Amino acid sequence: MSDRTLAPEFVRDGGNFVRPIRALRLLNLVLPPAILANFIALPWYGDFVVQRLLVEVFTLFAIALAWNLLAGYGGMVAIGLHFFVGIGSYSLFAVSNVLHLNPWVALPIATACTAVVALISAWPMFRLSGAYFAVGTWVLAELARIAMLNIGWLGAGAGMPLDMISTFDRWSRNAYVYWSALAVGAGSLALAVVLLRSRLGLALVSVRDSEAAALASGVPVGRAKFALWVIAASITGTAGAVSYISTLQVTPDASFSLNWTAAAIFIVVLGGIGTVEGPIIGTFVYFVLREAFAGFGSWYFIGLGSLAIVTMIVAPGGAWSLISRIKKIDLFGIRRRMPAVAVQPDAPKAS
Amino acid sequence: MLRTEGLCARYSLLQALFDVSIAVAPGEIVALIGSNGAGKSTLFRSIVGTVCVEKHSVLLEDKAIGGASERWQLKRGIALVPEGRRLFPSLSVLENLLLAARNGRRGAWSVERLFEELPILGSIAARPATALSGGQQQLVAIGRALAANPSYVLCDEVSLGLSPLAVNEVYALLGKVKSAGAGIIIVEQNVSRALSESDRFYCLQKGRVVLEGRSAEADRASVAQAYFGV
Amino acid sequence: MTTLIETLLNGLLLGALYALFGLGLSISLGVMRMINIAHGDLIVVGAYITSVVVQATGVHALASLVLVVPVMFAIGWTLQRVLLNHVVGRSLFAPILVTFGLSIVVQNLLQEIFTADTRSLRDEYISQIGFDIGGVSVGLLPLLSAAVSVALFALTHVLIANTHYGRQARAVADDPSTARLVGVDDKNFFAIVTGFVLSAIAFAAVLYAIRTPFSPSAGPERLLYSFEAVVLGGLGNLWGTFFGGLIIGVAQLLGARVSSGLGPFFGHLVFLMMLLARPHGLFVRTVR
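Residue numbers (numbering that gives the first Met the number 0), protein chains in the order written: chain A, 0 to 350; chain B, 0 to 229; chain C, 0 to 287.
Hints are computed from structural coordinates only; laboratory data are not their basis.
These numbers come from a predicted model, not from an experiment.
Certain hints may be false.
Subject to a maximum C-alpha distance of 20 Å in a straight line, what follows is the list of computed SDA-like cross-link-like pairs (lysine to any residue) [as the list claims (entries may be wrong)]:
#1 Lys74/B / Arg179/C
#2 Lys186/C / Tyr170/B
#3 Lys74/B / Trp76/C
#4 Lys62/B / Pro175/C
#5 Lys186/C / Trp76/C
#6 Lys74/B / Phe188/C
#7 Lys205/B / Ile132/C
#8 Lys186/C / Arg101/B
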């Protein structure tokens, strides 16, 4: 029976990808909601420490995902992605403080602000490409950091507190921050999956395979990259904003710190650049390593850096590529398959 | 004798050459003919080290040398004149030759000898390599390969884009290289010219050798059939 | 008015030092098409090595160059052969990410060995001498730094134009695959190039260390200034990098006059604006 894009339960696709069999697919349907329900219910059975950690996990995951979208799918390595962490968090604090808005009402506004800044910054940034783009975004972040350091009404070096947060009791504050972090994390994952299954996703993958060929085939490369830039920025800005609601104070040196991008890079490189599953594994590994070794100070960072270097040289596809070598799984159904040609002895030969 | 034996070459998932066996002896000119995409350039790249192939598929004086890097093949005396000449724009003609001479083997083809054999070089020596006519570029490109004193010269697309006068000059030079004792393989789009200038020929089609023989005895009809695959 | 001229002059002199920071980056970008994110951190490494040599031998920082330059050459050569040769030309982001990791490793190693405290090589001789030229005061050290910078740029120019290595560098920059065809030994050659780059960095590091207190985390800023100089000057353009550096230096000092903390900010701002106005750099290399 010839294969078409609508596959039966079990399909061998050119010997490459194996789609889950029916029982597994049932699990696929049941498991994520179960996990999600567990996470949602956390504030009622988990303590504040765990919640704070998970806020860090979800927000950093979202930022790593955004960096991966840019680099792994858009071919744009942005060392200065933390620019948007700062923009997002400062927007939230400024809007909430000035307009006396509930921080969670201000959050979508912060996302919108970040998107606008992304739009504008695309103008100089897209003049650069490759490594120049990578460092150019870093210049942008530095520019913003120094600017914020010197703007008095935004608190300069000491930064700003979040005035409106005091209207919430401790449990509510922690719970709402936790849920927004969860929403950002899960939402950005969902967004990424939807994106990659869409036409934009197809365009991006074609650009990744061969930009020249994509251009020649009429793929709107420039527009695709621009859209990706704005999307990644928005995710990063929102995640940053939520993260700083959690810390209650935003400062230039912290929110525009390279450490955000460094952690994202590490997560993506280790997990698997250019895959959706990669950042998930990477985030998990990052936090396990952090909890275990951060006490070693500089040696922890030396270890992380060395691990990233070795991974890039030895296994540039990250952990997920190693797993894929054993068994190719497409967890989120992003892989596109060509309809296989029917190979039957009596079928007419393709001309 | 430089020869390939059952050479298979692939570009990641695409196989470009299937079981190709050709040979060239010192002092002879062998022509490779075939339509675009038949695998001629790939064959050259496989011999010279750009495309990695199995060790025993390329043999020089019966020693297996397949898969070694371009530098090693050059040191063993195999030089490629690439398709499109590919002279270095940031270097003058003289500098192009000096670079190759310094990195290649010692031998009869010194830079001074090249200037003797090709008087034209004298007048263009200081020009940037791209400020030349197609014919001049091809002469310089062959000169650059010769500066490394190879025993075997692989010349990809000898007459592409050249005026008839320039083509004659290039083949005159190749004749001199042949008399000096080197073995030459040429890729030539002009089939009649290829057959008239070479001692033997191979015809490639879709990565396979489909016809070979002595050029003088080549039957036009069978060549055409092999070339076009009809 | 004289203070404006003084600022401009000092900006040019500072810019010459930034140009020297950028020289190495320009070479490795041009020849190997590779950006070394750890470039700034390697400048800081040079500064620390100088500091160690000075403390151990008691010689003046400038005299220590005799030792520091060869050591840095060796570091560059080894770095390229052991690590960077594995990623040159491989993919778009492999060199960026590997050198990014390297940057983090270097910064933290320096911190582990030398602590996070700032260090200074300020001496009592050179940094105190100044001249008065028509009412404008200029220090000896900035003049010396600028002179060294010009000298190194000129040396690089001569090497590229007249030596075999220079020809190889130009050939590889033009067409890496054909360069291999004419026998250029990538691995060894790139190692020598990186050794040369680090030697240039050694000069920059010593001059920088005498002038400014430095710490393990000072690297990234040096990288950004180097980068801006290179991009403003036009990619692949050696003297362009020099003038790019001058521009950044002047912009920074003019900005510092407006407000003392805003020097680098103005440098970045001028960079972005120039990028918008002339995306290919100010001195476009003629397209072949």
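Now for the hints, and whether the structure bears them out:
| no. | hint | in the structure |
| --- | --- | --- |
| 1 | Lys74/B / Arg179/C | holds (12 Å) |
| 2 | Lys186/C / Tyr170/B | violated (36 Å) |
| 3 | Lys74/B / Trp76/C | violated (24 Å) |
| 4 | Lys62/B / Pro175/C | violated (28 Å) |
| 5 | Lys186/C / Trp76/C | holds (10 Å) |
| 6 | Lys74/B / Phe188/C | holds (17 Å) |
| 7 | Lys205/B / Ile132/C | violated (76 Å) |
| 8 | Lys186/C / Arg101/B | holds (17 Å) |
Checked against the numbered hints above, the structure violates hints 2, 3, 4, 7; every other hint is satisfied.
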